[in-house]
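**Student:** Listed below, chain by chain, are the residues.
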Amino acid sequence: MNLPVRARRPTGRPTRSGAAHGGLAARLREPTQVVFLALLGLVAVGYVLVALDGGQFLTMESVVGIQQRSAALGIVAIGQTLVILAGSLDLSVAYLISLASLVAAETMAGQDGNILPAVAAVLAVSMLVGLVNGLIITRLRVHAFIATLGVALVIKGVVDHLYDGPAGKVPESFQVLGYSRIGPVPVSAMLWAGVAVAAWFLLSRTRLGYRIYAVGGNEEVARLSGIRTGRVIVVTHVLCSVCAGIAGLLLAARLGAGAPTVGTDGGYDLESIAAVVLGGTALAGGKGGVAGTVGGVLLLAVLDTIFNQLEVNSFVKDVVRGVVIVIAVAVYARRGTRRPA
Amino acid sequence: MRRALPIVVVLVVLLAAIAVVNPFFLEPAGFLGFLKRAAPLVILAAGQYFVIVSGEFDLSVGSLVTAEVVIAARLIDGDESATWPVLALLIVIGLLVGLVNGVVTTKLRVPSFIVTLGMLLVLTGAVFLWTGGAPRGALSEGFRMFGRGGLGPLPWSVLILLAMGAAAIWLTRTDFGRTLIAVGDNERAAALSGVRVDRAKIFAFMLSGLAAAVAAVLLGGFAGVSAQAGQGLEFSAITAVVLGGVALGGGRGSVPAALAGAFTLEALFTLLNLYGISGALESTVQGVIIIAAVAAGAVRLPWKFTPRRGDAHAAS
Numbered sequence: 001m002n003l004p005v006r007a008r009r010p011t012g013r014p015t016r017s018g019a020a021h022g023g024l025a026a027r028l029r030e031p032t033q034v035v036f037l038a039l040l041g042l043v044a045v046g047y048v049l050v051a052l053d054g055g056q057f058l059t060m061e062s063v064v065g066i067q068q069r070s071a072a073l074g075i076v077a078i079g080q081t082l083v084i085l086a087g088s089l090d091l092s093v094a095y096l097i098s099l100a101s102l103v104a105a106e107t108m109a110g111q112d113g114n115i116l117p118a119v120a121a122v123l124a125v126s127m128l129v130g131l132v133n134g135l136i137i138t139r140l141r142v143h144a145f146i147a148t149l150g151v152a153l154v155i156k157g158v159v160d161h162l163y164d165g166p167a168g169k170v171p172e173s174f175q176v177l178g179y180s181r182i183g184p185v186p187v188s189a190m191l192w193a194g195v196a197v198a199a200w201f202l203l204s205r206t207r208l209g210y211r212i213y214a215v216g217g218n219e220e221v222a223r224l225s226g227i228r229t230g231r232v233i234v235v236t237h238v239l240c241s242v243c244a245g246i247a248g249l250l251l252a253a254r255l256g257a258g259a260p261t262v263g264t265d266g267g268y269d270l271e272s273i274a275a276v277v278l279g280g281t282a283l284a285g286g287k288g289g290v291a292g293t294v295g296g297v298l299l300l301a302v303l304d305t306i307f308n309q310l311e312v313n314s315f316v317k318d319v320v321r322g323v324v325i326v327i328a329v330a331v332y333a334r335r336g337t338r339r340p341a
Numbered sequence: 001m002r003r004a005l006p007i008v009v010v011l012v013v014l015l016a017a018i019a020v021v022n023p024f025f026l027e028p029a030g031f032l033g034f035l036k037r038a039a040p041l042v043i044l045a046a047g048q049y050f051v052i053v054s055g056e057f058d059l060s061v062g063s064l065v066t067a068e069v070v071i072a073a074r075l076i077d078g079d080e081s082a083t084w085p086v087l088a089l090l091i092v093i094g095l096l097v098g099l100v101n102g103v104v105t106t107k108l109r110v111p112s113f114i115v116t117l118g119m120l121l122v123l124t125g126a127v128f129l130w131t132g133g134a135p136r137g138a139l140s141e142g143f144r145m146f147g148r149g150g151l152g153p154l155p156w157s158v159l160i161l162l163a164m165g166a167a168a169i170w171l172t173r174t175d176f177g178r179t180l181i182a183v184g185d186n187e188r189a190a191a192l193s194g195v196r197v198d199r200a201k202i203f204a205f206m207l208s209g210l211a212a213a214v215a216a217v218l219l220g221g222f223a224g225v226s227a228q229a230g231q232g233l234e235f236s237a238i239t240a241v242v243l244g245g246v247a248l249g250g251g252r253g254s255v256p257a258a259l260a261g262a263f264t265l266e267a268l269f270t271l272l273n274l275y276g277i278s279g280a281l282e283s284t285v286q287g288v289i290i291i292a293a294v295a296a297g298a299v300r301l302p303w304k305f306t307p308r309r310g311d312a313h314a315a316s
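Line order of the protein sequences matches chains A and B.
Under UniProt numbering, the first sequence has 71 at position 71, and the numbering climbs by one with no breaks.
Under UniProt numbering, the second sequence has 107 at position 107, and the numbering climbs by one with no breaks.
It should be emphasised that the hints constitute simulated quantities derived from the structure, not laboratory data.
The structure displayed is predicted, hence computed values, not measured ones.
Note that beta-carbon positions come from the ideal geometry of N, C-alpha and C, so glycine has one too.
Fair warning: there could be bad hints in the mix.
[To be verified] DEER-style ranges, computed between Cβ atoms:
| # | chain 1 | residue 1 | chain 2 | residue 2 | range |
| --- | --- | --- | --- | --- | --- |
| 1 | B | Gly-33 | A | Met-190 | 44 to 50 Å |
| 2 | B | Leu-159 | A | Ala-198 | 55 to 61 Å |
| 3 | A | Thr-59 | B | Gly-224 | 43 to 49 Å |
| 4 | B | Gly-232 | A | Tyr-179 | 31 to 37 Å |
| 5 | B | Phe-24 | A | Leu-140 | 50 to 56 Å |
| 6 | A | Ala-120 | B | Val-12 | 45 to 51 Å |
| 7 | B | Val-12 | A | Leu-37 | 54 to 60 Å |
| 8 | A | Ala-120 | B | Gly-232 | 29 to 35 Å |
| 9 | A | Val-312 | B | Asp-79 | 28 to 34 Å |
| 10 | B | Gly-78 | A | Ala-198 | 54 to 60 Å |
| 11 | B | Val-9 | A | Ser-314 | 28 to 34 Å |
| 12 | B | Leu-75 | A | Ser-180 | 49 to 55 Å |
| 13 | A | Leu-224 | B | Glu-27 | 55 to 61 Å |
| 14 | B | Gly-33 | A | Tyr-179 | 52 to 58 Å |
Looking at chain B on its own, in the form it has when it is part of the complex (with noise of 0.2 Å):
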């Protein structure tokens, strides 16, 4: 928690920032819009923590997004009856994709830069191939309360970040969340401790997939469907992770400080749009806060800045 405590100062601030522009922001209402809004990134940045703290990528969670909306789109069209089984699809969809990056990054030593870089090239393709090229089909109103709707004033979707952060959080307290931490720091060392090594990455690899497509259905139920759904989420989740401290090349890092990393990325998103920052030059300022955060960061923290040999991803 002591790590998280950096991240969570700029939370704070920022989130105040937004309430003395937006004072509506401090209400109820406002607030859980706002998490409504952040929901999805949490949970991506969830599920990438594993993938990373492991020493490894997952390149594949936008494409992986896209493809999840656009297959619940064309499946369930406009069919109401089709909600359930589709959904559990999509969670065996989004495993199944994490079990392969897993398998292939583990199994075949294929850096997993390339496993999920290729798995993106190979999710894109073959869902527009399959839907012709443009989204088709569209969401049942019961798929989409998932996103949109709420039990009473609490929005589904802020109940189901709770339930994520919280299993998350959980998982990271049992063996496997520490042997995760011990394979990220030190591959080799882990291995001959008697950790299945391969197990845990792979493991980690679904947790990610998994939580692509929660994201996945939450973001369908909010924004809609189309093509771009998932645009540039894995790079957002990344940075998400890694603005909360969390080291690339693993080993270093919490979930409470990944999950507080998203909501600053997502709090700064509000605070440039509210402060009327033109949308072109939105992107130059999260450029410049992303990289001063990650080094005001790092002056601190001592820095991995390659991957060391006998890292996964170091293989070939």
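So here's chain A without its partners, still in its complex pose (with noise of 0.2 Å):
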């Protein structure tokens, strides 16, 4: 994942590019690593204040809680990082997310035999909805913060005609994804893995990867050197709205049925940004990983179990939650400028 990055830019810094090879110490310094640190030092922190409260934070229940609970984030954000390497945005995941619950459940209607064109209607809706997002930017030229906000207007209006409540109805084979585990690791857990292998794959190893880490990074530049950038931008907004659909579907397989507001409740938009940025990816695109994104998800995942365990007020989670996603930033910031010097 480092590679693409580095390749961006040869003249950085010549005298520590061979460090940054081998060197445990050069690689520490990328931001993707040091969210992982930062994790390390979050789980051991809040060890020490859970046993100081007289709890255990490393049980079976908490880390299987972690996994469950970040799992659906952990899909969307990385479909969000794929959008934002290449220099977008994307605000209309969570009622795309709402949306894709209510296609599965409505489509399922408790039926084991529906399963199956249930998950190809949430697959073909939200790549329906990319595809706009995509083509709206890249043809109309349309900011992506307005076109994805618009296009997210668009849902909401949809969502909130047709249904007041929840609806459909998941049959039991298909929540299974929901809650089932096999050992210490939920299937869901396993689904956000699949989709972070797959997403690591595409952009260190496939020339569509390379390729969006260029757009991002310069889109002028990726053009004049014969990258179409508009496809490049489109595919990213399919596959993010594809992401934004598999979490969906998760998310109904929880709920058993599907509703108009699972993803505005979780906030899955701005949350999924901030993890994304959390995990060191460069909100200006370009700069950045998969690998980050997935610790940016476990850490607020963590946050949030500790804080349960400590039974704290849920407002001071988002004070502590705000706060801990500007000084991350900063810190990373501040890394930036030393470099290059």
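Dock chain one against chain two, each of which comes alone in its own frame, and use the hints as you go.
**Tutor:** Structure follows, in structure tokens:
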């Protein structure tokens, strides 16, 4: 994952590049590694705090809880990573998740036989939304912020118009996705891992991945180098929406039905962007990767778990979360400024 | 002003459409009522303009409005004599939040999208922590006067709107206004020509915080205390500014156009209400129209898509 980053700025730090290949210290300086260090630190702090409180932090229950809590956000955040790396962003994921959960539950209608068509329908709807997002941004030249916000409003209107509350029914066999686990690993976490590995492979081993970094780094240069930048951006938006669709399926499996507010209640739009940035991916695009995002999502989930175990007021949680996100990014920015000097 | 023309045309068309359905709209009382409803959003848009034209975002204004209304209700608690001190305090809080946003964005080099997102979380969390989950207390009559009352036939909110609008337009004509556009257009060039970039941006964030404080006073008076007072206002304000042709990423746009954008958005809401489009589908129509309007503007003007390298919010 570091490869394209380095390739993008060959003159960035000629003296250090040798060290970055071998030295552990240099590797740890990358934001994506920092987030894992922070994660370790947080787990340690959490362990101590919860122990002082008279509880036990790393129980089977809490580890499973962390994984389950982060799976849906994790999948959305992976998609968001792709879009942000390409220099865009997607604010429509939260409403798309709600829509996907409704489409899934309505199509399944409690019948085992309908699972495949339902999954296909969700994927088709998500791809369509992603395609619309991408085309509005590239063809109509609307800023991604406004374009995806507009699409979010459109989806919100449709969902609110058609549904007042939970609808549809997810058959038992599909609810397996939501809750069951193999050993300590929930199925949903494995799904998340699968999506993450696929995205990692895409970004670091395929031509499209390199193009995503190139477009995010500098769209004009990428275009002049012969990359069809519009197409790359559209593809990342389609992939991001598919991730949101998968998260919608997961949440539908968990709820046993579709719900029109499941996406917005989870705050998946801004939260997923926060997780991506927490993972060291630059909001302007071109720098970062999937590993950092996984770390960022886990960090938020561990934070949540610690607060739950200490039974801290949920409003304190928001305050701390906001502060943590800003501080983390400030630390990355500091490292970024020191290096090229 | 030339750049404001398309949005003014759209605004006039929308206003005409409203007048056709509802002739009362043409009478002074009807039109003043519209201005009164539009005032908070227009003021927020004016504040947001300064932030956006300097190349940043302010996502915290919605939560700041909520926080201010809740704080006012808790502190005043129906006590008439507390009105003025609390009003002063609200303004100070608004400026302070803007100051923090600006300082963290410029000095710690955190993208403003993240800073103000963090501020959003902190503000909502802190305020409800303080009040225990739901707004408490009540606003005094003196406080609510700004949102509801009027000087003769003229509502206070319209007068405040005029004053704020005039001040914003005046600010863009000062050195500060021109400097800010230069900063948004090319931060590095501005810095090299001797502009104190950080100071200009911090001031822009403070203006946005101030606008949110004023909008909160008007909204609190007009709509009363609720935990949802400012919900979604940040997106509405940004949308309004962009509708007015101000480029996200900075460096292009004018205050009159941003104000016209906010009026257009409010006119759109009014029109959708009048045509009885069901509450839910309203947002669908809104979304389509926003995209269409921005796309129409983009076809003629070259639109910046990605933040360029060297921009502050491209940092990290």
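**Student:** All the hints need checking, so say for each whether the structure fits it.
**Tutor:** How the hints compare with the structure:
no. : hint                              : in the structure
1   : B:Gly-33 x A:Met-190: 44 to 50 Å  : violated (58 Å)
2   : B:Leu-159 x A:Ala-198: 55 to 61 Å : holds (59 Å)
3   : A:Thr-59 x B:Gly-224: 43 to 49 Å  : holds (46 Å)
4   : B:Gly-232 x A:Tyr-179: 31 to 37 Å : holds (33 Å)
5   : B:Phe-24 x A:Leu-140: 50 to 56 Å  : violated (37 Å)
6   : A:Ala-120 x B:Val-12: 45 to 51 Å  : holds (48 Å)
7   : B:Val-12 x A:Leu-37: 54 to 60 Å   : holds (58 Å)
8   : A:Ala-120 x B:Gly-232: 29 to 35 Å : holds (34 Å)
9   : A:Val-312 x B:Asp-79: 28 to 34 Å  : holds (33 Å)
10  : B:Gly-78 x A:Ala-198: 54 to 60 Å  : holds (59 Å)
11  : B:Val-9 x A:Ser-314: 28 to 34 Å   : violated (48 Å)
12  : B:Leu-75 x A:Ser-180: 49 to 55 Å  : holds (51 Å)
13  : A:Leu-224 x B:Glu-27: 55 to 61 Å  : holds (59 Å)
14  : B:Gly-33 x A:Tyr-179: 52 to 58 Å  : holds (53 Å)
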